[in-house]
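Chains as they are written, first to last, in our numbering: chain A, 1 to 352; chain B, 1 to 352; chain C, 1 to 398; chain D, 1 to 398.
Bear in mind the hints are in silico, worked out from the structure with no lab data behind them.
Among the hints, a few may not be true.
Claimed, not checked - Heads up, simulated DSSO-like pairs for lysine-lysine below, C-alpha to C-alpha not over 27 angstroms straight-line: (1) D/Lys58 x A/Lys238; (2) C/Lys259 x B/Lys238; (3) C/Lys259 x C/Lys319.
Said to hold, decoys possible - Which chain A residues stay away from chain B? Per the calculated CB distances, all over 12 angstroms, these: (4) Glu107; (5) Arg108; (6) Pro111; (7) Gly140; (8) Ala163; (9) Glu171; (10) Pro172; (11) Ala204; (12) Gln251; (13) Ala252; (14) Ala258; (15) Gly351.
We put the beta carbon where it would ideally sit given N, CA and C, even for glycine.
Given next are the chains, with one letter for each unit.
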Amino acid sequence: MRFHPTDEQLQIQDALRGTLADTLPPAALHRLVDGDAELDVESWQALMALGVGGLMLPEAAGGAALSLVDAVLAVEVLGAGAVSGPVVPHLMAGLAVAASADPALRERWLPGLASGETIATIAFGGAWVPESWDVAIADGRVTGAVQFVQAAGAAALFLVGVAGGGLALVEPGEGVRIEPLASEDRSRRLSRVVFDGAPATPLAIDSGRVFDAGLVLIAADALGGAQRATDMTVAYAKDREQFGQPIGRFQALKHQLATMALEVEPARALVWYAAYAWDRALPDAQRSAAIAKAHLADRFTSVARAAVAAHGGIGYTWEYDLSIWVRRAFFDRAFLGGPSVHRARAVALAGW
Amino acid sequence: MRFHPTDEQLQIQDALRGTLADTLPPAALHRLVDGDAELDVESWQALMALGVGGLMLPEAAGGAALSLVDAVLAVEVLGAGAVSGPVVPHLMAGLAVAASADPALRERWLPGLASGETIATIAFGGAWVPESWDVAIADGRVTGAVQFVQAAGAAALFLVGVAGGGLALVEPGEGVRIEPLASEDRSRRLSRVVFDGAPATPLAIDSGRVFDAGLVLIAADALGGAQRATDMTVAYAKDREQFGQPIGRFQALKHQLATMALEVEPARALVWYAAYAWDRALPDAQRSAAIAKAHLADRFTSVARAAVAAHGGIGYTWEYDLSIWVRRAFFDRAFLGGPSVHRARAVALAGW
Amino acid sequence: MFDLRYGAEAELFRQEVSGFLADAWRPDGRRGDALSEHVRDVRSAATERGYLYRGIPKRYGGSEQPLDIVRAQVIREAFAAARAPMEIGGNGMAMLVPTLLERGTEAQRERFIRSTLDGTYIWGQGYSEPGSGSDLASVRCRGELDRDEWVINGQKTWTSDGARATHMFALIRTEPHAPNHAGISYLLIDLNQPGVTRRPIRQITGEATFSEIFFEDVRTPADWIVGARGEGWAVSRTTLKHERASIGSADALGGTFAKLVDLARTTLRDGRPAIEDPVVRETLGRIEGWVLAHRCSSYRLFSLAAAGEEPGLVGLMMKLLLTETGHDMALLAQELIGDAALIEPAPPGTRGRGSEKWLDQILGTLGNSIAGGTTNIQRGIIAERGLGLPRDLAMGSA
Amino acid sequence: MFDLRYGAEAELFRQEVSGFLADAWRPDGRRGDALSEHVRDVRSAATERGYLYRGIPKRYGGSEQPLDIVRAQVIREAFAAARAPMEIGGNGMAMLVPTLLERGTEAQRERFIRSTLDGTYIWGQGYSEPGSGSDLASVRCRGELDRDEWVINGQKTWTSDGARATHMFALIRTEPHAPNHAGISYLLIDLNQPGVTRRPIRQITGEATFSEIFFEDVRTPADWIVGARGEGWAVSRTTLKHERASIGSADALGGTFAKLVDLARTTLRDGRPAIEDPVVRETLGRIEGWVLAHRCSSYRLFSLAAAGEEPGLVGLMMKLLLTETGHDMALLAQELIGDAALIEPAPPGTRGRGSEKWLDQILGTLGNSIAGGTTNIQRGIIAERGLGLPRDLAMGSA
C-alpha cells in the first residue's frame, strides 16, 4: 500500500521546479505577460529536455511510460511555476495518439511529441465536454470554429474534438485559420481556430479517457497555482511588518492563512486519487476526475482571492507576481468546463 | 422623512423588554423549557396588559391602531426575550378579523383579541403558503389536519387556512382534536390539530396580506433572537478570561463577533422596510416580506451557530440560556416556510 | 411614524431646484471640456442659490447653508435627474477642505479652499508609503525645515489621482526623534516642481488609477503645515461631517445587483437564460437579502443624520457590507460569464457589452477589500468601536 | 508506485485473522452483557495471537507486536467484517495506558494497565474545569499531601464517560506557589469513594455524555502520581502513537455524507425527490469534493505512517476539515428536513427514522467545533506548527 510520492517522484518534482525557476524566473515571466509571445520557448524546451512531453508515452517512442499520477505530480509543480506553453493539451494529445492502435500514426507522431519537438494542443469546441463537441467531420476533413485553443500559433498538431464525441488529428496549414485572442491569463495565450475543410485523421479511441485525463491534469495545475499563491502569502506574512510586528503574528490573518492551507493541502490527495483511479481504470475514475476538476477550480479561485486580500495593496498591483496566478485561476476554472458543469456531471454519474 | 424609531417607539420597546424580563426571567424560562406548559401564562398576561394583543387593532376595539412597523419593533424585543405564547399567530388572527367587513364578527372577537383575553393562533396546513393550504371547507364546516399549530391547547380561536387560499375562523370544541407534539423549540409548543367537520366562519379578506404580515413578524422575532444570541456572546467574550486575557481580546474571536454583528445589525432596517412596505401597501410589499423572512431566518441560524462556537463548551449545554435561542432559530426558520421557499417566491414575484 | 417621503417642504424645494436647473443648465453642457464655461457658470449660480458647497463659508467660495440632510439629498437627486454637474469632488473636497476649515490658518483657507472648489487645484492624498499600509504611524517620508521651507525626501504610494493632481496633502515625518505618531506633520505640497516623480501603479485589472510619488529635495513653504509640528496624525483624522449622509451613493450595490440580474437574464445556457437555473435564482435571492439590508440601512443612516443623531453600529458596517456583498456578486458573475473569463475585457469606454467586461468587476472586488482599510481593519473597528471589545494586544496603543 | 491495495502478504494475513474469527467468534456473542465470557475469551485469544493490544508489552496483558500499520488496519477490517469485538476503547486505552507506559512507575503499570485492558477500570479524563477551557494552565482543582495520601478538593468538568467511570486521571494543582503549568501534577483517582459527586451535563441535544465531577476531601494514595510533582502538564501531553493511523475511522465523514444523499433521495418536495432539485445537487457536489479530499488524505496519512514518515501539514488538518465539512452537511440537512426541524427527534435507540433525527446531527456539528479544542485553536495550530507563522502575542509562552 502506497499513497504518497516516492523519493524518485519527489526528485522529479525538484528537477522540474528547479528547471522552471531557472528558465522562467519572475523577470522572464513578467516579460512574457507584458509581451505578445505565444509561449516562452526557453523554458518549454528545457522542460521537454527533461522529458515532460513523453512522461506518459511508451518507451519505444522515447517516452518514460509513467502514469497519470506521475503526470499530475509534474504538472502541479509546473502550475506552481506558471508554466507557459500548452503542457496539459500536449500531454492530452500524446495520450490520444498513444491510445490509437494505428502503428503508422503512432510512429508518425509519438517520437516528436515525446521529445517536445512537435508541440501539440487541443481544440475542443462546443461547451468543452465531449457530448458538446461540434466541429463537423466528413470525408477526412474538418469544418468548424473552436473558441479557445492554447498556443495555437506554436502547435504542429491539433487534437480536435468532433461532433459525436470523437477525436481527430489536424495539422496547421491548409484549411486552418488562427485568430489570436486577448487572453486574460497572459502566461497561457489562447486563439480562436477556424477549421475550414482541413484534412483530418480520425482516431478510433475512447475520447472520454483523454478528456478525463485532461480534467485531472488541469486540477493538478490549479493545485500547484493555489499552493504557490498560499506560499507567497505565508512568506509575505512572515516578512512584512506592521505596528512593529510581522503581520503573520496577527491572529485574524493567521487564521486566514490557515484557511487557505486548509483549502489546498487536503485537495492534494484528491488530485492524486483522481489520477490513480484513471490509471487503474477504476469504476469511479470518471466521477473522480470531474470532482477533482470542480473542487480544485474552486479552491484556486478562492485561494487567489484570499491571497490578494491578505497582501493588501501590493497584491492588487500588476507588477507583483501574485497577479499572474490570479489570472491563471481564471484559466483553470474555465478551461475544459467550469465547476458547476463538472459537479453536475459527477452527481449524474453517481446516479443520484 | 423618518426611518428610525421615535422616542415613543423606543419607550414601548423598553417597556416590553422590561416586562418580559421581569415576568419571564431565565429561571422561569428554564422551568418552561423543562416543563409541559403550553405557554407561560404570567408573562403572556403581562404583555397583553401592556396592549401587545391590540397593537394593530382599531381603537374602537380597545386596540392601539398602530402600524406593522410598530408591531415588528415590539416583536423584535419579544423574540429577544424568548417570548412564550403565540404572539405572532395572535397578531395575524387579529389582523384577519380586523380586515373583515362583517361588524358582528368584529364585535364578537376584536375586543377579546385586543385585551388578550381571547388567545388566537393560526392553523395553516400544506406547505405554509396560501396556495398550499389544504383544509377543506364545505357547508360552514372544516375538515383536515394541520401539522404545526402553536399553543393550540390554549387557543380560543383558530385562524384556519383553507383550500383555495381562503381563511376561516374556528373555535375549539366540536370537531377539533388537538394532539400535542414534542416541540424542538420548547419555548413555543406546537400541536397537530385535526379538524373533523368543525363549524367555521369564512373570512372574505385578502389572506395574502395576513400571510405577508406573518412573514415580517416572524422575521422580527428572528431579528430579536439573533440580536440576543449576539449580545450574549459579546458579553461572554468580555467577561470570560483565558490565558490571562478576556477572550474578547483575541483578534480571531473579535472578528467572528464582528461578523455576527454584521449579520444582525444591517438586517434590522430590512425588517423595518418590509413592515413599512406592508403598511403602505407598496408594490414591493409582498416581495419584501418574503426576502425579509428568508434573510432573517438564515441570519438567525448562522448567528446561533456562531454563538455556540464562540462560547465553547458552555454554549453547548442545555442549561446555558443560549440553547433556548438555538432552538428558537429552528422554529423561526421553518415556521411559515423555509428560506429557500420564500427566496424562490421573491425571485418569481420579481418576474426574473 | 416611519415615512420614506421627504415631505411637502422638501418637494417644494425640489421644484425650486429643478426649476433652476431647467432654466440654467443646458443638458449638452457636459460635452467637450468638463470644466467648460457653462459648467462653471452653472456651478457658480447653483452655489449662489445655496445648492452647492453648502458646508463651506461664503468667504471661501461656498454657500454657507445650515445643515439640512434632506435638502442636500433633494439637491443631489434633482441634479442627478437633470444630469447637471454637482460639486467638484475628489480628495480635495472630501478630505483637505474639511481639514483646513477645522485646523487650517486663515491664510491657508484663503489660499487653498476656493481654488479647490473651482477645480484649479487637484489634490492627491499622501498617506500610504510602501510598507506602511494600514499602519500610518510608520511613515518614513521625511521633511526638514531649511529656513523658510520644508525639504521633503521619500516616497508616497497609492496616491489616487496621482497622475493629474496639482498638489498633495501628506503625512511627513518632520520630528525624527519623536516616537511614532508624534513625529509626523501634515504638509501641503505643490506637485508641479522639480524633484517630484510620478509613477502610475498598474493594478491587477490593468488600469492605473493610483500612483507612486517620489520626492527628491522637494520644497514647500514653512507655513504650508496644517496644525502644529508633530500633530499630523490628529490633523489627518479630521473628516467631512457636513451633510455626508446620502441615499444614492449607498445604493451602488443595488446598481451592480441590477446589472447582475441582467447578466443572468441575458446569459444563455443550453439555449435557456441562465436566470432560469434554480441555482442561479437561489444565489440571486440570497444576495438580494444583503443588497436590501444595505439599502434599507442607508435609509436608516440618512434618517438618523437628518434627525441629528449618531449613526451608531450600523454606520461602521456599510463599507464592509458593500465589500462582502460585492464579493458574493463577483463569484456569481464569474460563474455566469463562464468562458468569457478567458478573454480580456475591451478597454473601458469602448463599445460592446461583452460579458467579459464583468472581469473588471470581479477583479475590482478584490480591490475593494483593500481600499480604505482592509476588511480585517474594518472588522476590528466594528468589534472595538461598535461592540466595545478590548483592543488587540498586538496593536498596542496604535 | 501508488497502490491502495495492501499487498499479498497482508491479504494472507487477512485470511489468517478471518480464519481465526470464523473459528473463535460466535456472531451472537455480543448479545446480552457486552463483557460476556465469550467476548472475554475471544479478546484474550486474539491478544494471544497478536491481533489486539499490539503496542502493549505482554507482561501487562498486551501482545507486544512490532509496529505494523498495514497489519493493524487489516485486523480492524477483518474484525469489523466479522462484527467481532475489538479492543476495549475509551480514555483508558487512548490516553492513560500510553502515559503509564511512557511515564508511569513499574508498580503503576502493573496495577492499572491490565485492569484497563480487560474493562475492569473505566477511566474519565479530568483536565477541563469550569472556566479553564483550552487554557489548562489555569487548573484550580487542588491536592494537598496529607502524610501518605493526596487530599483533593475542587471540580472537573466535561468528563466523558463520567457517569460510569471507575477512575479518573486528572490534572491537579499540587504546588500552589509555583506559576501556572509548574504547579500541576498528574494524579490517578478512584471515583468510587465518598466525597465524589457526579452531575451529568445535559447537552444542547438533550443527551448527557459528559459529567461534572466534584471532589470534597477525596483521597488518593501518595504514589498514584504519574511523573514528578509539578510535571503534570508535560505528562498529560503523552499520546498514543502506536499504529494510530487508520483509514476506517477517518471516513466517518463519508458515512454521514452517504446518509445525507439518502436523505435527499427520500425527502419529497412537491412530490419529487429533493435530490432532483438542482440546488440540492450542486450543494451535494460541493460537499462531496471536501468529503473525498478528506478520505483521500486519510489514505495519504495512512501511507505515510506505514512508511514511518511524519504526517506533516495535512495531519494537522483532518479534524478541522471534519468539523467544517460536517457543518456544511448540517446546513444542507437542515434545508432538507424542513418542517421536521420543528419536532424533537425520538430518543436514540428508538425505532423510526424520522428525518427529524437529523436534528441531533445538526446540533451535534455544533459540538464538534468545541470538542478537542475549538476551531480557533485548530487554526492556530495549523498556522503555527504547519505554516511556521509566529505565535500570537496574546498567547504569550502558553
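Check the structure against each numbered hint from earlier and tell me which ones fail, lowest number first. 1, 2, 12, 13 and 14
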